[in-house]
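Please work from the sequences and hints to get the whole structure.
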Amino acid sequence: MREKATYVLGLLAALVMIFNLHTVFTQLPDEAMQGAVYRIIFIHVPAAINADIFFTCALVSAILFLATKNFLWDSVTVSCVEVGAMLTLLNLVTGSIWGRNQWGVWWAWDLRMTGQLMCFLLYMGYLLVRPAISEPTQRATMSSIISIFAYADIPLVLMAIRLPNVRTQHPGPVLETGTLAPEFRAPFAIGILAMFLISSALVLVRLHQESAQREIDSLRRELHAR
Amino acid sequence: MDITNLTFLFYGYSAGWIIITLFVLMLVARGRRIDGELARLKALVEDRERS
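Taken in order, these protein sequences are the chains called D and C.
Residues in the first sequence are numbered from 1 upward in steps of one, following the numbering used here.
Residues in the second sequence are numbered from 1 upward in steps of one, following the numbering used here.
Worth flagging that the hints you see were computed from the coordinates, not collected in a lab.
Given the structure is predicted, the values throughout are model-derived calculations rather than measurements.
We put the CB at the ideal spot given by N, CA and C, even for glycine.
Among the hints, erroneous ones may be present.
As the list claims (entries may be wrong) - Computed spacing ranges between beta-carbons, pair by pair:
hint : chain 1 : residue 1 : chain 2 : residue 2 : range
1    : D       : VAL166    : C       : LEU44     : 36 to 42 Å
2    : C       : SER51     : D       : ILE216    : 35 to 41 Å
3    : C       : ARG32     : D       : ARG167    : 47 to 53 Å
4    : C       : THR21     : D       : PHE71     : 27 to 33 Å
This is the structure in structure tokens:
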């Protein structure tokens, strides 16, 4: 059932993504100031928004694990963190390429970008700590705590371009201020949906792997006990 | 159309797809390893039960 859902999600994601890429590259006009390169935002921003969505899921499941000690929640946390970290890397790399073209530099150490880099490094820390702890309950507890701690960076990243006295190189918010041109809004929203579908399919694959890994651990214990 | 802008647009989308593809390949490799290990352990348990 889960396998079928993964295939359906993956197929749906591919269709939505192809439709959106077609719209972005053939229907939309070039932006007045940036030319063609502005189209990077249709992959850059959806990656950031979806990373935040999956990190929020990881936060909720980490809290649920600590409350219930049910290992399913630990599996959800690690799956969401892995996909979220991949999306954060995608966001950082595409943003850096856009910045090189528009600002003339690959990187600017402003609050938004540094905060996002910190976010990536904190969640990479989570992924690196996990294999270092062999006892399953201890591993899940420790990594849940790290996941909750790492999430503290997300509000900082979100607020970095909204704080009144902070000057950032990064462009300001376009969604809530209405500065995004009306013809860009639909492809933008569909881009977010497409990235969400791709990421959800990847999370399902990871969840399946985590449950197989738990089965391996229990078989190993069974064999050692004999 | 400015060719420099197009080049960076190409770099941006290529980087995005490379990252997603590498992640998927990593998942596939891990899935194969886990499936192989699971099959090996199940066979081992069955062997021990028989003997």
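Evaluation of the provided hints:
{"no.": "1", "hint": "VAL166/D <-> LEU44/C: 36 to 42 Å", "result": "violated (59 Å)"}
{"no.": "2", "hint": "SER51/C <-> ILE216/D: 35 to 41 Å", "result": "violated (22 Å)"}
{"no.": "3", "hint": "ARG32/C <-> ARG167/D: 47 to 53 Å", "result": "holds (49 Å)"}
{"no.": "4", "hint": "THR21/C <-> PHE71/D: 27 to 33 Å", "result": "holds (30 Å)"}
Checked against the numbered hints given earlier, the structure breaks hints 1, 2 and satisfies all the rest.
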